[in-house]
Every structure is written in C-alpha cells, then in structure tokens.
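J.: With chain S held as given, fit chain Z onto it using these hints.
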Amino acid sequence: MTDAPAISVRGLTKRFGDKTVVDDFDLDVARGQIHGFLGPNGSGKTTTIRMLCGLLVPDGGSGSCLGRDILTEAWEIKRRVGYMTQRFSLYEDLTIRENLDFVARLYGLDRRREKVDRALDRLGLAKRSGQLAGTLSGGWKQRLALAACVLHEPELLLLDEPTAGVDPKARREFWDEIHTLAEGGMTVLVSTHYMDEAERCHRIAYLAYGKLLAVGTVAEVIAHSGLSTWHVSGPERRIGTLARDLASRPGVEMVAPFGATLHVSGSQAAALAEAIAPFRAEPGLTWSEAKPSLEDAFIHLMAEAPAQNGAPSR
Amino acid sequence: MRSGPHFAWHRLAAMVVKEFIQMRRDRLTFAMMVGIPIIQLTLFGYAINADPRNLPTAVLSQDNSSFSRALVTALQTSTYFRVAAVAQDPEMLDRMLARGEVQFAVEIPTGFGRDLMRGDRPALLVMADATDPAATGNAAGALDRIVQSALTPLLDGPLAGLAQGQPPVDLRIQRRYNPEGLTQYNIVPGLMGTILTMTMIIMTALAVTRERERGTMENLLAMPVRPVEVMIGKLAPFILVGGIQVLVILTAATLLFHVPMVGDPLVLAAGLLVFIVANLAVGFLFSTVASNQLQAMQMSFFFFLPSILMSGFMFPFRGMPDWAQTIGEALPLTHVLRVVRGVMLKGNTMIDTWPDIWPMLAFLGAVSLLAVMRYRQTLD
Numbered sequence: 001m002t003d004a005p006a007i008s009v010r011g012l013t014k015r016f017g018d019k020t021v022v023d024d025f026d027l028d029v030a031r032g033q034i035h036g037f038l039g040p041n042g043s044g045k046t047t048t049i050r051m052l053c054g055l056l057v058p059d060g061g062s063g064s065c066l067g068r069d070i071l072t073e074a075w076e077i078k079r080r081v082g083y084m085t086q087r088f089s090l091y092e093d094l095t096i097r098e099n100l101d102f103v104a105r106l107y108g109l110d111r112r113r114e115k116v117d118r119a120l121d122r123l124g125l126a127k128r129s130g131q132l133a134g135t136l137s138g139g140w141k142q143r144l145a146l147a148a149c150v151l152h153e154p155e156l157l158l159l160d161e162p163t164a165g166v167d168p169k170a171r172r173e174f175w176d177e178i179h180t181l182a183e184g185g186m187t188v189l190v191s192t193h194y195m196d197e198a199e200r201c202h203r204i205a206y207l208a209y210g211k212l213l214a215v216g217t218v219a220e221v222i223a224h225s226g227l228s229t230w231h232v233s234g235p236e237r238r239i240g241t242l243a244r245d246l247a248s249r250p251g252v253e254m255v256a257p258f259g260a261t262l263h264v265s266g267s268q269a270a271a272l273a274e275a276i277a278p279f280r281a282e283p284g285l286t287w288s289e290a291k292p293s294l295e296d297a298f299i300h301l302m303a304e305a306p307a308q309n310g311a312p313s314r
Numbered sequence: 001m002r003s004g005p006h007f008a009w010h011r012l013a014a015m016v017v018k019e020f021i022q023m024r025r026d027r028l029t030f031a032m033m034v035g036i037p038i039i040q041l042t043l044f045g046y047a048i049n050a051d052p053r054n055l056p057t058a059v060l061s062q063d064n065s066s067f068s069r070a071l072v073t074a075l076q077t078s079t080y081f082r083v084a085a086v087a088q089d090p091e092m093l094d095r096m097l098a099r100g101e102v103q104f105a106v107e108i109p110t111g112f113g114r115d116l117m118r119g120d121r122p123a124l125l126v127m128a129d130a131t132d133p134a135a136t137g138n139a140a141g142a143l144d145r146i147v148q149s150a151l152t153p154l155l156d157g158p159l160a161g162l163a164q165g166q167p168p169v170d171l172r173i174q175r176r177y178n179p180e181g182l183t184q185y186n187i188v189p190g191l192m193g194t195i196l197t198m199t200m201i202i203m204t205a206l207a208v209t210r211e212r213e214r215g216t217m218e219n220l221l222a223m224p225v226r227p228v229e230v231m232i233g234k235l236a237p238f239i240l241v242g243g244i245q246v247l248v249i250l251t252a253a254t255l256l257f258h259v260p261m262v263g264d265p266l267v268l269a270a271g272l273l274v275f276i277v278a279n280l281a282v283g284f285l286f287s288t289v290a291s292n293q294l295q296a297m298q299m300s301f302f303f304f305l306p307s308i309l310m311s312g313f314m315f316p317f318r319g320m321p322d323w324a325q326t327i328g329e330a331l332p333l334t335h336v337l338r339v340v341r342g343v344m345l346k347g348n349t350m351i352d353t354w355p356d357i358w359p360m361l362a363f364l365g366a367v368s369l370l371a372v373m374r375y376r377q378t379l380d
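Going down the list, the sequences are from chains S and Z.
Each residue of the first sequence is one higher than the last, beginning at 1 in the UniProt record's numbering.
Each residue of the second sequence is one higher than the last, beginning at 1 in the UniProt record's numbering.
Next comes chain S alone, as it looks inside the complex (with noise of 0.2 Å):
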C-alpha cells in the first residue's frame, strides 16, 4: 500500500449546475513530493483538492489518494490525509491548545498531550497557547492552521492557498516547514500564486478553466510553453511607448514592464526576433535574449487556453 502514488487521479470531472468547474482533470503524484498547483482564481484549484479528500464528490472520472479509492474509500483518505482550508476554519472561540486537543481527540491519538506539546513547540507557539485563535494575526493563524492538519502525521498534506495574505519573512518560514515535512516523507500538495513559491517545488501542475494545462518540473514547464523572452531597457519615457510599439507587433504576444525594463515574448523564435529588429538600433536601448519566467510561461498558457466564462472559486 505504501508503494501506492500518493495522488493518482483519471477524468476528474466536476460541475455545479451548468459550469463544469473541473474538467477531465488527470494528476499522479509521487510519495514524498512537493506538488505545486497553480492557475488563476476560479481555476479550480479548490474543487480539485476537494474532491481529493471527499470533501465533494466528482461528477465524472476516478482516481486514488495513497491508494485508496477516492469516491468509495472517503473516510479512509480522511484518516490519512491533512488539508488545510483556503479559509482559516478552526475554532477562533478557542485558543490553540483547545483547537490542537480537539483535533487530537478527533483522530483519537494517542499520548495526545506529548504531542499537542510537540507541536506547539515546533511552531513556536507554545508561549501563546492559551491565547484565543480568534485574536491570532493572519501569520499566526496559518501556523496554528498547519499544526493541526500535520498532528496526526498524515502521509499526504493539501494546502490550498496557504500563504495567501501572509508576509514574505512568515511565507519563507512556512516553506522551510514545508520541506521539512517532505523531507520526513510526507507528501504535500500546495496550491498557490505566487512563483517564488512554485520554484521550490518539486514539481508543479497548471489548471486554467478546469483544465490541465501543463504540468513537470518548472524547467520541463518552461520548455514547453515553447516561449522566447527579450529584455529591454531604456530610458523610462520610452519604455512606456516601445510598450505600445511592440505590443501592436505580429509575432509579439506578450509585453510586461518591469521597472525600467520590458519582458517581450512570443511562442515564434524567428517571429519574435523579426518582431524586435527595427528596435534594435535605437539608442539608449539595451537588448538581451532571456530565460522565459514562470510567470511569462503561465501567462502565455493562459492567453492560449480556451477562453471560457471563469467559474468562480468553489
């Protein structure tokens, strides 16, 4: 059983009244992986990570999570799996001690104090325990939040959106949390925006309008996004109108200031580069040929997905 994928799953199909909000959705990912989910809002990230823990039940499609069936075997998954909500949805009328005891008590483990204990110490909360999580910052909460869902040492962990709103000191550290977990075997699938955090992942999978868009290494997603990126920099007043001169160029699809310089890309090398050539020579402007971003990839497989009516965020 242990040698079953943590997540392996075929056709994942959901819809809510006429929108299909997830749609022949196919995902395998290893044991003791860190899996990032990406798209944009209403992507349905959410409804996918639902639909893995039993939360809802998939209109079409199968599939298993650490080998288990996730439309029959639900309850099992639950015993096993962590998943920590978008929203904060422990007790904010009980402080972290009082959250930790009852989710403790839920799963029935044993010698539970030692390890509400554990916890509190590993997360640094121990001082604050008594303390009402509704009273905690949003930082704060997200530690408490990740402490109760890895209690009972679950072997896969599902974070949707664990860091949205949190700072960047407190986003490294839940990160670092994270690869310490996976480094312990845990599996973790995390859902997110942001692409610093993407690239510490393993690997990562892209979901626009329900669909699977791409999915591998950050490199392998570069790659075949099939994109070539120049960088330009000039004075600030031009940059503002080459913008415009590029953007309304054939073989240019994407232009995005950054600062004083311009990421120009288009998925045709040979295009792009005739694209930019009457630039070129301009004074004051500094060319070079580039490394796509992530960022640049993710946005370029969503200008050529199939532009649907965006289902929101369930």
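FYI, nobody ran anything at the bench for these hints, they're computed from the structure.
C-beta atoms are modelled at their ideal positions from N, C-alpha and C, and glycine is treated no differently.
Check each hint, because a few of them may be wrong.
Some chain S residues close to chain Z (C-beta under 7 Å, calculated; not the full set) [said to hold, decoys possible]:
#1 Cys53
#2 Arg79
#3 Arg87
#4 Leu106
#5 Leu109
#6 Ser288
Beta-carbon label-pair distances, calculated as ranges [said to hold, decoys possible]:
#7 Gly233/Z / Ala223/S: 30 to 38 Å
#8 Gly215/Z / Ala170/S: 16 to 24 Å
#9 Gly184/S / Ala270/Z: 47 to 55 Å
T.: Frame of chain S, contents of chain Z only:
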C-alpha cells in the same frame, strides 16, 4: 449640498436599496416571512377555541332508573359532555381521570332513583380534572342547569312537589388535583415545557448553521467524524443546560407559586429528559436545513408557535377540532405538559405516564433519523 454632515437622503437610500436587494436574495427567508403568517392564521384561527365542548366523560351508574338514564342523556345533549366510557367501579373511574383519558367522571350512586323519589336528595358526584381550570370551567358551570332540565320533565304527578324548593339532587362537583382552581397550578408546569422548547430548539438550531457560516464546517468535514458523533456531541452540553433550567423552574414553582409535587420526581425527570432531547433533535434538524442563522431562527419560531398554541398550554387541548388535536398529538410539548401535570398534580406513576412518553420517544427517533440523513458529509 450633496453630503450633509448629519443626515443625507442619498446615504439613506443607499442603505435601503442594499437591504432590499439582500432581502430579495434570501428567497427562503422571504418565502417564510410571507408564508408563515398565512399558514398560522388559518391554522390557529380554526384550531383555537376557548370554550371546549364534547369533553370526554366517564360514567359509573350504579342505578338503573329513568332518572339516571335521563341524566346521562342530558349530559350528552348539552354538547359540553360526551360520554366516552362506562366505568365498572370507582377505582376505574379514578384511573381514567388520572391518566387524562377523560376530563369528567360522573358517579350515580345505588338507589339514586329511589332516594330521589323519596325526596332524600341523593348525591350526584361529578369529578372534574381541574389541572387546567380553563378546560373544565364552562362545562362545570353548566351542570346545575343540565341536571335541572333533565329531571324536571320527570317530576310530575305525585312528584311535582320535588320540583319546587331545593333541587331534588345534591350535586357535588369535585375539582380534582386543583380544588381551588388555581391557574398557576396549570401555568407553571406548562411554562416549564414552553421555556424548554424555546431555549433548547433555538440553541441547537444555530449549532450547524454557525459552523457553516464561520467556515469551520469545511475543516470538520475534512476530518474523520461521523454525523451521529457530531449530532450527539453538539446536543450533549445542552442536555445539562436543560437540566439546570428544569431545576430552576421547579424550585420557583414550589417556593414561589406553591405548586404541589404529588408524584415521584424521578418519573418527572425521565419524562423531561426525553422531552429535552427531542427538542434538541428538532433544533439540530433545523440547523442542517437552514443555510443561515436567520433562517434557523425563523424555523425555530415556526415550530414554537404551534407548540404553545396547540399543545394545550394556552388553550384547552380538547377545545380543538379533531384534525388540530391530531397535529397537537404529534408535538412533544403536548405530551410533556400531560406528564408534568400528571406527575406534579396527580401523582401519576411511570405506568400512567407511559402513554405520553412513547410518542415523544417516537418523535425523537424520527427527527434524529431525519437530521442524520440531512447532515451532509460533503460540501456538495
């Protein structure tokens, strides 16, 4: 001046428009606001009658004279009484009254007709279940006239003299269980049931709804916990709260209102426990149906109103038409009122109260089953 510092119509308009939009969005609440008054108006308008008639009456006749037969017929034709049972002995009469099977018991003694003709003024004993004085008052008040009109036609010829002066019969009306006709004997035990209904249902009606509104439901559902565990876990603390309420009300009832405690407190406790749990289950069911706390509150009141109006708490149960009594029989409050009055005022035993305990158990079973079925284990 578009924006006055103290009050501005456009700001008020903004608020009013927003409130109307939100009200219209919550379809269920809107439907309940319009629908509930219509249902209640028709329901209660036809059901409630403060002058109950056709009260079930048991008769023990130890005399077979034309006088006793005329009396029984007169009771029946008065429309206040309906002879529902014929008793064989005084013990049976007492039992039927104690269990609330009949509202009145009439005992015609041996030699009634003979004594009457002799002018000995035989006793005619009418016992009323006076736990609810309002239910028996009018009928008891009409007795004198009924007896008079029943006997007068028979008192002719040689007996004509008996029709004058003192009534030929010594009519004795016994107000059982509440001889002074004190309304608080009825109201205070009744209030116990009503207060419990209100608090128990409202407290649990918010139980699941609150989890859903605060977003904690998602976390709860993601963890391995069974619906029945959630339900019992959420109800358990309120059983204790209900118990404390009972103690407070009972203390006040005996110390302040001097309501007697004739029966066994343990029997009362058993009946109240079933009642409390039944109400908590109703609240839990509402909370699985309601999508927000406002709806949960409305449903609680929707259940609460028929409970107080159709259970016999506010208006005599037997004053209602048959269809309304059938509805009333389904409500736990109806039965707990009988248990509380029965134990406190009549000294009923467990065996006497069982006919009112099993319907509450059945109600509890049905509601719990429905609630567990309604409780969704997914977010679908």
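J.: Does each hint hold? Answer for all of them.
T.: Verification of the hints:
1. Look at cysteine 53/S: its Cβ gets to within about 6 Å of chain Z, closer than 7 Å, so that hint holds up.
2. The closest approach between the C-beta of arginine 79/S and any C-beta of chain Z is roughly 5 Å, which is under the 7 Å cut-off, so the hint is satisfied.
3. Annotation: arginine 87/S was flagged as interfacial toward chain Z, and the flag holds, the nearest CB pair being 5 Å apart, inside 7 Å.
4. Hint on leucine 106/S holds. Least Cβ distance to chain Z is approximately 5 Å, under the 7 Å limit.
5. Because the smallest distance between the Cβ of leucine 109/S and any Cβ of chain Z comes to about 12 Å, over 7 Å, the interface hint for this residue is violated.
6. At its closest, the beta carbon of serine 288/S sits 48 Å from a beta carbon of chain Z; the interface hint therefore is violated under the 7 Å criterion.
7. The beta-carbon spacing between glycine 233/Z and alanine 223/S, approximately 53 Å, falls outside the hinted interval of 30 to 38 Å.
8. Range check, glycine 215/Z to alanine 170/S: Cβ separation about 21 Å, and the 16 to 24 Å hint holds.
9. For the pair glycine 184/S and alanine 270/Z, the supplied restraint of 47 to 55 Å holds, since their beta-carbon distance comes to about 54 Å.
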